[in-house]
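Colleague: Got chain A; can you put chains B, C and D on it based on the hints?
Just so you know, the sequences run in chain order A, B, C and D.
Heads up: the first sequence is residues 1 to 253, going by this note's numbering.
Heads up: the second sequence is residues 1 to 253, going by this note's numbering.
Heads up: the third sequence is residues 1 to 253, going by this note's numbering.
Heads up: the fourth sequence is residues 1 to 253, going by this note's numbering.
Bear in mind the hints are in silico, worked out from the structure with no lab data behind them.
Cβ atoms here follow ideal geometry from the backbone N, Cα and C, with glycine treated the same way.
Please note that the accuracy of each hint is not assured.
[Stated by the list, open to error] Only some residues are given here: those of chain B computed to face chain D with a beta carbon under 10 Å: (1) Arg2; (2) Tyr65; (3) Arg66; (4) Asp67; (5) Ala69; (6) Gly70; (7) Arg73; (8) Leu76; (9) Pro80; (10) Glu81; (11) Ala113; (12) Glu218.
[What the hints assert, rightly or not] With the Cβ distance kept under 8 Å, some of the chain B side facing chain C (calculated, not the full set): (13) Phe13; (14) Gly14; (15) Ala15; (16) Trp16; (17) Leu18; (18) Asp41; (19) Leu68; (20) Phe71.
Here is what each chain is made of, one letter per residue.
4 protein chains.
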Amino acid sequence: VRIDLNADLGESFGAWRLGDDEAMLDVVTSANVACGFHAGDPTTLKRTCAQAAARGVVIGAQVGYRDLAGFGRRYLDVAPEDLEADVLYQLGALDAMARAGGSRVRYVKPHGALYNAVVAAEPQAAAVVTAVADYDRSLAVLGLPGSALLAQARVLGLRTVAEAFADRAYTAAGHLVDRRREGAVLTEPDRIARRAVEMATNGSVISVEGTIVAVNAESLCVHGDTAGAVQIARAVRSALTDAGVRIEAFDTG
Amino acid sequence: VRIDLNADLGESFGAWRLGDDEAMLDVVTSANVACGFHAGDPTTLKRTCAQAAARGVVIGAQVGYRDLAGFGRRYLDVAPEDLEADVLYQLGALDAMARAGGSRVRYVKPHGALYNAVVAAEPQAAAVVTAVADYDRSLAVLGLPGSALLAQARVLGLRTVAEAFADRAYTAAGHLVDRRREGAVLTEPDRIARRAVEMATNGSVISVEGTIVAVNAESLCVHGDTAGAVQIARAVRSALTDAGVRIEAFDTG
Amino acid sequence: VRIDLNADLGESFGAWRLGDDEAMLDVVTSANVACGFHAGDPTTLKRTCAQAAARGVVIGAQVGYRDLAGFGRRYLDVAPEDLEADVLYQLGALDAMARAGGSRVRYVKPHGALYNAVVAAEPQAAAVVTAVADYDRSLAVLGLPGSALLAQARVLGLRTVAEAFADRAYTAAGHLVDRRREGAVLTEPDRIARRAVEMATNGSVISVEGTIVAVNAESLCVHGDTAGAVQIARAVRSALTDAGVRIEAFDTG
Amino acid sequence: VRIDLNADLGESFGAWRLGDDEAMLDVVTSANVACGFHAGDPTTLKRTCAQAAARGVVIGAQVGYRDLAGFGRRYLDVAPEDLEADVLYQLGALDAMARAGGSRVRYVKPHGALYNAVVAAEPQAAAVVTAVADYDRSLAVLGLPGSALLAQARVLGLRTVAEAFADRAYTAAGHLVDRRREGAVLTEPDRIARRAVEMATNGSVISVEGTIVAVNAESLCVHGDTAGAVQIARAVRSALTDAGVRIEAFDTG
Numbered sequence: 001v002r003i004d005l006n007a008d009l010g011e012s013f014g015a016w017r018l019g020d021d022e023a024m025l026d027v028v029t030s031a032n033v034a035c036g037f038h039a040g041d042p043t044t045l046k047r048t049c050a051q052a053a054a055r056g057v058v059i060g061a062q063v064g065y066r067d068l069a070g071f072g073r074r075y076l077d078v079a080p081e082d083l084e085a086d087v088l089y090q091l092g093a094l095d096a097m098a099r100a101g102g103s104r105v106r107y108v109k110p111h112g113a114l115y116n117a118v119v120a121a122e123p124q125a126a127a128v129v130t131a132v133a134d135y136d137r138s139l140a141v142l143g144l145p146g147s148a149l150l151a152q153a154r155v156l157g158l159r160t161v162a163e164a165f166a167d168r169a170y171t172a173a174g175h176l177v178d179r180r181r182e183g184a185v186l187t188e189p190d191r192i193a194r195r196a197v198e199m200a201t202n203g204s205v206i207s208v209e210g211t212i213v214a215v216n217a218e219s220l221c222v223h224g225d226t227a228g229a230v231q232i233a234r235a236v237r238s239a240l241t242d243a244g245v246r247i248e249a250f251d252t253g
Numbered sequence: 001v002r003i004d005l006n007a008d009l010g011e012s013f014g015a016w017r018l019g020d021d022e023a024m025l026d027v028v029t030s031a032n033v034a035c036g037f038h039a040g041d042p043t044t045l046k047r048t049c050a051q052a053a054a055r056g057v058v059i060g061a062q063v064g065y066r067d068l069a070g071f072g073r074r075y076l077d078v079a080p081e082d083l084e085a086d087v088l089y090q091l092g093a094l095d096a097m098a099r100a101g102g103s104r105v106r107y108v109k110p111h112g113a114l115y116n117a118v119v120a121a122e123p124q125a126a127a128v129v130t131a132v133a134d135y136d137r138s139l140a141v142l143g144l145p146g147s148a149l150l151a152q153a154r155v156l157g158l159r160t161v162a163e164a165f166a167d168r169a170y171t172a173a174g175h176l177v178d179r180r181r182e183g184a185v186l187t188e189p190d191r192i193a194r195r196a197v198e199m200a201t202n203g204s205v206i207s208v209e210g211t212i213v214a215v216n217a218e219s220l221c222v223h224g225d226t227a228g229a230v231q232i233a234r235a236v237r238s239a240l241t242d243a244g245v246r247i248e249a250f251d252t253g
Numbered sequence: 001v002r003i004d005l006n007a008d009l010g011e012s013f014g015a016w017r018l019g020d021d022e023a024m025l026d027v028v029t030s031a032n033v034a035c036g037f038h039a040g041d042p043t044t045l046k047r048t049c050a051q052a053a054a055r056g057v058v059i060g061a062q063v064g065y066r067d068l069a070g071f072g073r074r075y076l077d078v079a080p081e082d083l084e085a086d087v088l089y090q091l092g093a094l095d096a097m098a099r100a101g102g103s104r105v106r107y108v109k110p111h112g113a114l115y116n117a118v119v120a121a122e123p124q125a126a127a128v129v130t131a132v133a134d135y136d137r138s139l140a141v142l143g144l145p146g147s148a149l150l151a152q153a154r155v156l157g158l159r160t161v162a163e164a165f166a167d168r169a170y171t172a173a174g175h176l177v178d179r180r181r182e183g184a185v186l187t188e189p190d191r192i193a194r195r196a197v198e199m200a201t202n203g204s205v206i207s208v209e210g211t212i213v214a215v216n217a218e219s220l221c222v223h224g225d226t227a228g229a230v231q232i233a234r235a236v237r238s239a240l241t242d243a244g245v246r247i248e249a250f251d252t253g
Numbered sequence: 001v002r003i004d005l006n007a008d009l010g011e012s013f014g015a016w017r018l019g020d021d022e023a024m025l026d027v028v029t030s031a032n033v034a035c036g037f038h039a040g041d042p043t044t045l046k047r048t049c050a051q052a053a054a055r056g057v058v059i060g061a062q063v064g065y066r067d068l069a070g071f072g073r074r075y076l077d078v079a080p081e082d083l084e085a086d087v088l089y090q091l092g093a094l095d096a097m098a099r100a101g102g103s104r105v106r107y108v109k110p111h112g113a114l115y116n117a118v119v120a121a122e123p124q125a126a127a128v129v130t131a132v133a134d135y136d137r138s139l140a141v142l143g144l145p146g147s148a149l150l151a152q153a154r155v156l157g158l159r160t161v162a163e164a165f166a167d168r169a170y171t172a173a174g175h176l177v178d179r180r181r182e183g184a185v186l187t188e189p190d191r192i193a194r195r196a197v198e199m200a201t202n203g204s205v206i207s208v209e210g211t212i213v214a215v216n217a218e219s220l221c222v223h224g225d226t227a228g229a230v231q232i233a234r235a236v237r238s239a240l241t242d243a244g245v246r247i248e249a250f251d252t253g
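In isolation and in its complexed conformation, chain A is listed as follows (with noise of 0.2 Å):
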């Protein structure tokens, strides 16, 4: 049994820290690096990337919308070919960061509003996987199991990965509890952990309904910007480890 951790990093921007980069280094084994959209200046992108590579961290390319003002947290109507473009741009800007630390980019996951469009809108969706394999087919696409995202990168033929949350409620259809409902994200350590091991122990989860659900996922995400993230990371980390799962970075081109 083997589980991948992945956790967004590299969202610094100037002056303004977020999260502690460093720490969450020595927990994940994929670290979803700010591509400069939604968060990351070129200066914090390329010393994550370096961070991440002398750890064995692999790099991912969190591509964002165009919004530093809302985080790339608002959904932003671009048009298709527009996203393509700014996918690609991104992609290109962060390789080289990654590159830069003796790296390279190895997969792709959308962060915040773009993530929750490309799981029902198709256009969206075949845009960003459409920059990640004219950009180099060897890339993985990492998404909610079940979105469009991950059936479009399949159609193109790129390698696809999906994620559970140990932290968020799972419906009995196996869909994330809205973040809006009360008790939809968790925030003790412990029961975060036991969840983790849950799903990658067993492939499942307690819904809210109290059903037991199926959650097929390589990777589990962990946060790294909340009060606490660190430690509920460790958290994860050392009751996976403790449960005999192996943590470690999916397997790419």
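Modeller: Just chains B, C and D now, with coordinates in the frame of chain A:
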């Protein structure tokens, strides 16, 4: 006798158009394509790179200060570490665009105030060429003869290309006359074309003092963003061809 | 019979020019001046306001989404609280420019995707008009007849001004034909001018179905940023004058 | 004996938090609120202004260069005409926020690299104060004693307020020791507090050479964005109060 013709392209941004890129791509052999920091949205950059590639025009990364409102024409006192990361970011982003169009970035030319800064500012010049070398040692660096930029590029073993300006007045010492002085910028197509031929065939030009000054350049810069720019560029190309000069891109690795 | 003519102005940004503001200011009676979020650098805004003031053209704040790359034409899912602050910020900034030019902002007109959003989106409409009322209750709100924007403005006791488009096709129900449908946007100056006269004198226009539909508008919008825009605007003004229509700004507090 | 305490506030941006504005607002009498160019999104500015107004803290416009990535700390060679418009824009925007909170902008203090530039750069200093005078002649200008900024403000008849820094080392000539020199910035709360009292009561401070130098300041700047900033600010306030100094905002028109 051969010479390269280069021009700044891809400088539109969103709804704002600048210059006639397609017309200029039929004239030049090297395109200094903007990289998004001083100008150029990703869709424009992608299209411009594809158009350049389709015509066999060599693509260069026209890196600049992060200053859209100032079009990169205002000096910005960026720390060398940040400038290095900024250049690397732009270079990778544009290379992704060039590769999507079936080509790749072959050289780097700083834009605007950065171009002027790296004539003398050693730390900024070092930052630019370090980023270039970190990205790809086969890239050439295009700049002003005698500049710190070209000197530092040679120190790192990079290919350097010196350029001259057929539409700018030169002093007897071989420097450009300050833009703000009257007569510093020529506007008559015929006169500019004659100077281009003189530069390409004799390696010289008549200074404002009336003396002959040596101008050793592998490339001539023609402007694309002013009124009558395309007409001037065509006059230059036509005069060079009539004089038996081979117009082709400089060799790169 | 009287009518106001309004146009979007001040939409240049840095090195990028858009439209012929001075020519349009000789035609219109109300200037929707950009506020820097979708277009308009401060120097442009200051100059445009001064030019409008010098001609007695009334100044309105053309507020938009914070999206320079998209020119405010892409829907952005801004939280109402943030939109309210964004509008207030833009309004204050432009009013400073207008006052430096000896005038002041008299009305607010949303731009682009925000204009379209507040036709139906109650929370975004409420955010815009709350910002207007917080700033100055004597300001008018200019928008589409029947829009949530004008309804919400009336709830707050603000002066509302409905506008019509002489260059757009209308359905029998009195709605604008979708821009993407053929024939949705008219381009012949004479035909546009005749429709403007019909709108101003009869309060009606012929729909695409051939029926007569009522168009009650105190202002006609003429476009300033397309090819031939100035010519069309002049034709409209000239035809209105010939028909005995008084062209003057709507009354404000 | 009385003194004003001022601090930079409202410098968060979108998802990025900076400083503890509410805690600082309980300490200072004047808030230099960012205006969106170097920091501060509209929602943050609106909230900070409302919080300042609720506590009776005077609001100043902390205008800066248009450089979010550099937090306004990098010199930008803006043309005076553009700087004047940039300052006017920021001033109007912040005043709208202050007025929505029931207060208004009472003074202007340049930020970061602009603050440093207008110590000596006459054209940039003139641009700033011209914008201030154009907006509202009753506004005060806060800056370094002996600066071009204050000199130019006096020429225009504007109220000037000189400030001192209790946490900065001074030379015998009364200048600030360069930040990059060791010992230039003090960090011990007690020592900083004692210097604040000395400045407020005696109008002097001990220089790095050990001499007593005159420091005539109506306001003391306390920093809000560093570790321990709130603690230092509280120590300063407490020591001043214990020494019988009245802590209140400087008079404005």
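Colleague: Now look at each hint and say whether the structure bears it out.
Modeller: Each hint, compared with the structure:
Residue-level restraint check for B/Arg2 is violated (minimum Cβ-Cβ distance to chain D is 38 Å; threshold 10 Å). With a cut of 10 Å, the hint placing B/Tyr65 at the interface with chain D holds, because the nearest CB-to-CB distance is about 9 Å. Of the supplied interface hints, the one on B/Arg66 holds, with its beta-carbon coming within about 5 Å of a beta-carbon of chain D, less than 10 Å. Interface restraint check: B/Asp67 against chain D, minimum CB-CB distance 7 Å, threshold 10 Å, status holds.
The beta carbon of B/Ala69 is positioned within 10 Å of a beta carbon in chain D (closest approach about 5 Å), and the interface hint is therefore held. This hint holds: B/Gly70 has a C-beta 7 Å from the nearest C-beta of chain D, less than the 10 Å allowed. Restraint check, B/Arg73 versus chain D: the minimum CB separation of about 9 Å is within 10 Å; hint holds. Contact between B/Leu76 and chain D, as hinted, is supported at the beta carbon level, the nearest pair being about 5 Å apart and thus within 10 Å.
The closest approach between the C-beta of B/Pro80 and any C-beta of chain D is roughly 12 Å, which is over the 10 Å cut-off, so the hint fails. The beta carbon of B/Glu81 comes no nearer than 12 Å to any beta carbon in chain D, farther than 10 Å, and the hint placing it at the interface is violated. At a threshold of 10 Å, the smallest CB-CB gap from B/Ala113 to chain D is about 7 Å, leaving the interface hint in force. Annotation: interface hint on B/Glu218 violated; nearest CB of chain D at approximately 31 Å, more than 10 Å.
Annotation: interface hint on B/Phe13 holds; nearest CB of chain C at approximately 6 Å, less than 8 Å. Taken as an interface hint, B/Gly14 checks out: its beta carbon lies about 5 Å from the nearest beta carbon of chain C, inside 8 Å. Hint status for B/Ala15 relative to chain C: holds, with the closest Cβ pair at about 4 Å, below 8 Å. Interface hint status for B/Trp16: upheld, as the beta-carbon distance to the closest one in chain C is roughly 3 Å, under 8 Å.
Against a cut-off of 8 Å between C-beta atoms, the interface hint on B/Leu18 holds, since the closest Cβ of chain C lies about 6 Å away. Evaluation of the B/Asp41 hint against chain C yields a held restraint, the C-beta minimum of about 5 Å falling below 8 Å. At about 6 Å, the closest approach between the beta carbon of B/Leu68 and any beta carbon in chain C falls short of 8 Å, and the interface hint on this residue holds. With a least beta-carbon distance of about 4 Å to chain C, the hint placing B/Phe71 at the interface is held under the 8 Å criterion.
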